[in-house]
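*Asks:* Turn these sequences into a full structure, and let the hints guide you.
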Amino acid sequence: GENVEQHPSTLSVQEGDSAVIKCTYSDSASNYFPWYKQELGKRPQLIIDIRSNVGEKKDQRIAVTLNKTAKHFSLHITETQPEDSAVYFCAAKGYSTLTFGKGTMLLVSP
Amino acid sequence: DVKVTQSSRYLVKRTGEKVFLECVQDMDHENMFWYRQDPGLGLRLIYFSYDVKMKEKGDIPEGYSVSREKKERFSLILESASTNQTSMYLCASSLGGQGLGETQYFGPGTRLLVL
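Line order of the protein sequences matches chains A and B. Letter by letter, the first sequence follows residues 1 to 110 of my numbering. Letter by letter, the second sequence follows residues 1 to 115 of my numbering.
Check the hints yourself; a few may be wrong.
Simulated restraints on C-beta separations [what the hints assert, rightly or not]: (1) K58/A / S82/B: 42 to 48 Å; (2) H7/A / Y50/B: 30 to 36 Å; (3) P110/A / P108/B: 26 to 32 Å; (4) E72/B / R51/A: 27 to 33 Å; (5) D17/A / E69/B: 36 to 42 Å; (6) R14/B / R51/A: 20 to 26 Å; (7) N67/A / D51/B: 16 to 22 Å.
FYI, nobody ran anything at the bench for these hints, they're computed from the structure. Computed from a predicted structure; not experimentally measured. By construction, the Cβ of each residue, glycine as well, lies at the ideal position given by its N, Cα and C atoms.
*Replies:* Below, the structure written as structure tokens:
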């Protein structure tokens with residue numbers, strides 16, 4: 001089955017800095033890659049996703065890039081704000097279900 | 001606005017008890033999922049369902065069963081709870097199909113403690 005590795009497990013940045021979270025996947029048939037954000041005590045929510053026929057996608061301060069050849073994808077957050085502090089999960093979908101990474105705890109200090 | 005609700009936010013049970021966790025979605029979604037979330041392990045899929053009365057094992061189905069008698073309701077059953085099943089349980093649903101249908105909407109979670 002699919003295996004998703006996510007790094008780093010924790011990331012601390014200063015407000016205004018950029019943050020990058022990286023994921024690798026094992027199944028070359030995977031074609032859908034969402035990112036979920038989970039704030040403390042709340043449910044995970046989709047923030048951005050990308051399909052295998054696209055190399056990059058942006059939504060305001062958030063962008064995701066995908067390298068199919070290397071089987072890795074990344075989340076980029078620019079101009080970080082304290083409200084970006086949360087756990088971020090990447091995921092990959094192959095034949096049927098999503099496989100999630102173990103999560104990255106992002107802490108943005110004012 | 002999609003709503004996924006779970007029957008309990010917190011639950012305390014004894015070892016050996018039978019435990020029912022209920023999940024209801026109000027958006028006529030085809031797919032429903034049960035995950036457990038543990039620190040450092042992320043979200044792991046226990047079971048999922050693509051249709052009424054249909055179920056498929058996920059990555060960690062041992063010790064669990066599920067029931068989907070109605071489209072909007074997906075139940076997770078711990079036949080005989082054990083301490084290693086102490087965890088946060090998250091239910092999710094998705095419309096189905098490609099594109100927007102793949103977005104999963106999560107419930108608030110049930111934190112289960114097995115003593």
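*Asks:* Could one say that the CB atoms of D17/A and E69/B fall in the range 36 to 42 Å?
*Replies:* Roughly 50 Å apart at Cβ, these two residues miss the hinted range, so it is violated.
*Asks:* Between N67/A and D51/B, does the C-beta distance stay in 16 to 22 Å?
*Replies:* 35 Å, violated
*Asks:* Take a look at whether the Cβ-Cβ distance between R14/B and R51/A falls inside 20 to 26 Å.
*Replies:* With a Cβ separation near 47 Å, R14/B and R51/A fall outside 20 to 26 Å, so the hint is violated.
*Asks:* Lying within 26 to 32 Å: is that true of the beta-carbon distance P110/A to P108/B?
*Replies:* 28 Å, holds
*Asks:* A range of 27 to 33 Å was offered for this pair. Does it hold for the Cβ distance of E72/B and R51/A?
*Replies:* 29 Å, holds
*Asks:* Do the beta carbons of K58/A and S82/B sit within 42 to 48 Å of each other?
*Replies:* Holds, since K58/A and S82/B (Cβ atoms, about 46 Å apart) stay within the stated range.
*Asks:* Using the beta carbons of H7/A and Y50/B, state whether their distance is inside 30 to 36 Å or not.
*Replies:* 32 Å, holds
In summary, the structure is inconsistent with hints 5, 6 and 7 from the numbered list given earlier, while agreeing with the others.
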